[in-house]
Amino acid sequence: MATIPMQQSIQEVPWTLPKRGTVAMACLITAESAIFTIFVVAYLYYLGRDTVGPKPSEVLDVPIFYTVCLLSSSFFIWLAERAIDHGKMGAFRLWWSITSLLGLTFLFGTGKEWQKLIVQDQFTIKTNLFGTTYYSLVGLHASHVVVGLILLLLTLVFSLAGAVGPQHAYRVKTLALYWHFVDAVWVVVFTVVYVVGR
Amino acid sequence: MDLLPLNFAAAFIDSHGTSVFSAFSTPGKEINGLAYFVLAISAGVFLVVSVLLIHVITRYRSRPGDNSEPPQVFGSLQVELAWTIIPILIVVVIFLSTARVLFSVQDAPKPPDALDVVVTGHQYWWEFQYPQYGVVTANELHLPLSTAASPRATYMKLTSADVIHSFWVPALTGKTDLIPNRVNEMWVDPQATGLFLGQCTQFCGPEHAKMLLRVYVDTPEQFQQWIAAQQKTQAELNTSASVVTVAAATTTTSDQDAKLGQADFEREACMACHNVSGTMAFGRLGPDLTHLMSRETLGAGIIPNNAQNLKAWIVNPDTFKVGTLMPAMHLSDKENTEITAYLLTLK
Amino acid sequence: MGGQSISIGHTIDGHPESRGARSGLLAIFESWIFTVDHKKLGIFYILYGVVFLVVAGIQALLMRIQLFYPYNTFVSPYTFNRLFTMHGTAMVFFVGMPLIFGFANYLVPLMIGARDMAFPRLNAFSFWISAFAGPLLYSSYFAGTGPDAIGSAPDVGWFAYAPLTEHAFSPGHAMDYWTISLLLSGIGSIGAAINILATVFCMRCKGMTLLKIPLLPWVYASSAFIVLVAVSPLTACQAMLMIDRYLGGHFFDTAAGGSAILWAHFFWIFGHPEVYVLILPIFGFASEIIPVFSRKAIFGYPAMVAASVCIAFIGLGVWAHHMFTMGMTSYSNAYFTLATMLVGVPTGIKVFNWLATMWGGKIRFELPMMFSIAFLFQFVVAGLTGIMLSVSAWDWQLHNSYFVVAHFHYVLVGAFVFMTFAALYYWYPKITGRMLNNRIGLWHFWLLLIGFHLTFDTMHIPGLLGMPRNIFTYEADRGWTLMNQIMTVGGFIQAIAVLLFAVNMVYSYFYGKEAGPDPWDAWTLEWSTSSPPPSYNFAVDPEVFSRRPLWDLKHPEDSDSAFE
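Residue numbers (our numbering), protein chains in the order written: chain V, 219 to 416; chain Y, 92 to 438; chain X, 786 to 1349.
Treat the hints with care, as some may be off.
[Unchecked claim] Pairs of lysine to aspartate or glutamate, EDC-like flavour, derived with a Cα cap of 20 Å: (1) LYS1147/X to GLU160/Y; (2) LYS350/Y to GLU327/Y; (3) LYS391/V to GLU250/V; (4) LYS237/V to ASP901/X; (5) LYS237/V to ASP1326/X; (6) LYS1339/X to GLU160/Y; (7) LYS991/X to ASP901/X; (8) LYS1298/X to GLU1151/X; (9) LYS997/X to ASP1345/X; (10) LYS323/Y to GLU218/Y; (11) LYS1339/X to ASP157/Y; (12) LYS273/V to GLU331/V; (13) LYS248/Y to ASP207/Y; (14) LYS1147/X to ASP157/Y.
[Claimed, not checked] Which chain Y residues stay away from chain X? Per the calculated CB distances, all over 10 Å, these: (15) VAL209; (16) ALA283; (17) GLN290; (18) ASP346; (19) MET362; (20) MET371; (21) ARG386.
[Unchecked claim] To give a feel for the contact side, a few chain X residues facing chain Y, derived at Cβ under 10 Å: (22) PRO862; (23) PHE944; (24) PHE954; (25) SER1044; (26) PHE1084; (27) MET1111; (28) THR1122; (29) VAL1136; (30) GLN1182; (31) HIS1184; (32) ASN1222; (33) ARG1224.
Worth flagging that the hints you see were computed from the coordinates, not collected in a lab. Keep in mind it's a predicted model, so treat the numbers as computed, not measured. All C-beta atoms in this analysis are idealised placements derived from N, C-alpha and C, irrespective of residue type, glycine included.
Please model the complete structure; the sequences and the hints are all you need to start from.
Put into structure tokens, the structure is as follows:
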């Protein structure tokens, strides 16, 4: 029950440490990137190895519009981050709402795409190797969009209730980092599935 | 309940044991040369470190009553560099030696007179095909001897019908896995005749431990004789045999049982899984039984091949190998006796 | 020696029980079960690991009894296959990981002068979710049906190769228990890793630059980084397996064109770095204990840091040395041979630095040091058999034989378990305030040493004589019988040793000699506070000027800050 007191420093050198929220989010992003990498590797490995079922070029339509929606949402969330940094809560709520809307639109687009594939093309996760890898990879990404959207919408609700202020800028920006990650992953998934794979 | 393999003594004449250091083939010998080299280096490193450790703990023990602290030394760049660079050099040497053997064995060009064998792993037995001769057999592999005077390598393609297995006969050479939906390759040139033992070395299910291998290395003449015998169908063997038996007096009970047994075999589910060339039985799910009696063992090497074991196996394979995929057929004792008698004629 | 402790009276730490509002068992239960305190969670992790060490150890003994002579019928093949699967899985995920996370939790904040981990609630969540995984997996024993208990505990080996794990070959729910419990354990591991990295980077006390933190937090940062990058692939391929088993997917469905070798790649991309996750903290313990008992600073601190980071990075690129027999190209085999050998270089550097630390020192043969010396010797042997296995051409003979089993048990028992015991003897006084009994400890040490060598030295030989692993019995004529019997005897001796330790832990908790804050005359910040520390760790935030703050205090005329 004793502590040895350490000396006080003679000169006050500024002691700074990285912020734990940023470090933690960077770690989470690293781990998630590893998971996505494995699914991408599986997707690429199985490209062209199907002996039955449709090929990517036969059933996939390139979702340009929905991709634009998702990627531009990164721009709007950046605007929201700037707004909260400058204390402009009204602007923050606007940009944040647009971001959420764009994310929802993207999810709607994925849903539409899958509906067409499953109902019209009779193409499911069981159909062939392409089916398995496609739905897994795109589905994994979509699940991350869902999680991101839940967090975004919660923040929006809190913000509309007046509970979010400039003092929360750091936390909001940490969440935005996650959203940027989700968008960056889509760039990779889009390229692999709709560009390279087709 | 397992029956102990009681009369195995005869089967193990000329067995070469299962030590990896025996290596009766070119790849095996190259691997061993490399192994001895690496062992020597490892022993050297071990000796150096052990001597240092023992020296340190004896020379630098604290003396009783001495509470002073020794001089504090924080590091030395030269020493760090020394024990970084020297190990890297050792690694380079071992790596280059390994690479030489690796490429020499794995990428060895296939000689035009090589024997082709296709190995397919099943839960829990081995299927061997000799595509050049149209021979299909199971569990006991025959290979021709390779000598300096007349070299004859065997090139094997390995795959699996179900899960991953691994083909390992330590006294011959290293192992290669049998992977479904994939064909792996290995080669061996056995340099001593006799029996070589091995077993499956990749866990493949409950009876993985009883998926044994028996490789018989024959002289070239013995090998050709074996191939010739395997190539004959039962009908051909019976034709050549019946010339003799017609001269005999009456047919014996076992001959009658054998005929009834063949009918049983073809009527019951046996033929759905087992192939007997020259008859109606053409199933490929279980081992090929065409020349069953030319084998010394049953059940992938676990029990001697005799009438008693054969019948017991047919009655209930679980007696010897619980979890094997052949079910107990629940036939009557009469049918079991007849089928056994029939199988005993499959030489 | 080092007694500059100034008593500041009874702790003012705000524990519920000292408030007097609630008392007794309920309060203790609450303060432990709902805790977010890194010290309590650390103790939970460590106790959890020790409990499963005993459980999985008993499973090992059952296997050794079955293998005592050929064609033994002590257990059925089904039971045996479950035993080795559960033994391996439990030892890695419910013993190895909890033990390292336990020590991380307890020690890292104390060593860097922090009040707790960066995210205390995430810490509690990580513990409880991974703790749930162990009982979940073991409850699978009750899930089987029929006389052979089909679908009971998993029986496919801890690496669960496909397609043996697909529905066609593994009916029932055994694989599902394996997958889900490891998924939960993985989530806990990733949470703990995030916490460790955030703590080491963001919670250091004043003056403690990254190059002044003790080596233990450094190795934990490296280990945590590997967890982030390596446990995720396991999560991914297990998700793929579940997609195959339940959604009709074909990732590893070889009948539909899927690839069995892909599972092997993904699993070992996790499985190999996993062993570096386990061993790096062990190196951290050695780097803390060996200097204190040699009375010298660690030799080559920057080299040790560089070596830890190198091991973390290179270790991510060696996985296919588990797959040399699977038919990869000669170029692939060559690459993985070289990479595996190279990762031995930083590992060797560490061993030499430890030896150099002892050189010129004044070695005290207390129990932590005795276990450390055994660790040094055994780790070198294990590393050398590892080099032998990395020689891909020779691995074609040695792979999946008892030589491999001997190698990895040499690392996991000879290095990991021995050094964990060193750490337990070293830090038990800090955690509980009492010393572990020395006499029982000596019996523990010598019995464990003898039993370990009896079993695992011998084990190399059947491997060289052709004995494969994962077999529930063997042929009498192979010449393996005597060695199996020796191995079994050694196993029981080790069991007695571990039992003695468990007794020691309990006995010393009540009757051990009082330790005081600094029983070993050590130099890192955890020894500057009481034993056990108050809940807030340090009454005054420490400020440090060198790597050994307490050495500087005890030896102001020869302080480290003058040198490095």
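Going through the hints against the structure:
no.: 1; hint: LYS1147/X to GLU160/Y; result: 7 Å, holds
no.: 2; hint: LYS350/Y to GLU327/Y; result: 16 Å, holds
no.: 3; hint: LYS391/V to GLU250/V; result: 19 Å, holds
no.: 4; hint: LYS237/V to ASP901/X; result: 15 Å, holds
no.: 5; hint: LYS237/V to ASP1326/X; result: 19 Å, holds
no.: 6; hint: LYS1339/X to GLU160/Y; result: 11 Å, holds
no.: 7; hint: LYS991/X to ASP901/X; result: 15 Å, holds
no.: 8; hint: LYS1298/X to GLU1151/X; result: 15 Å, holds
no.: 9; hint: LYS997/X to ASP1345/X; result: 11 Å, holds
no.: 10; hint: LYS323/Y to GLU218/Y; result: 18 Å, holds
no.: 11; hint: LYS1339/X to ASP157/Y; result: 17 Å, holds
no.: 12; hint: LYS273/V to GLU331/V; result: 16 Å, holds
no.: 13; hint: LYS248/Y to ASP207/Y; result: 8 Å, holds
no.: 14; hint: LYS1147/X to ASP157/Y; result: 9 Å, holds
no.: 15; hint: VAL209; result: 15 Å, holds
no.: 16; hint: ALA283; result: 16 Å, holds
no.: 17; hint: GLN290; result: 6 Å, violated
no.: 18; hint: ASP346; result: 36 Å, holds
no.: 19; hint: MET362; result: 24 Å, holds
no.: 20; hint: MET371; result: 28 Å, holds
no.: 21; hint: ARG386; result: 17 Å, holds
no.: 22; hint: PRO862; result: 5 Å, holds
no.: 23; hint: PHE944; result: 9 Å, holds
no.: 24; hint: PHE954; result: 6 Å, holds
no.: 25; hint: SER1044; result: 7 Å, holds
no.: 26; hint: PHE1084; result: 6 Å, holds
no.: 27; hint: MET1111; result: 5 Å, holds
no.: 28; hint: THR1122; result: 5 Å, holds
no.: 29; hint: VAL1136; result: 7 Å, holds
no.: 30; hint: GLN1182; result: 4 Å, holds
no.: 31; hint: HIS1184; result: 6 Å, holds
no.: 32; hint: ASN1222; result: 22 Å, violated
no.: 33; hint: ARG1224; result: 19 Å, violated
Consistency note: the structure conflicts with the earlier hints numbered 17, 32, 33.
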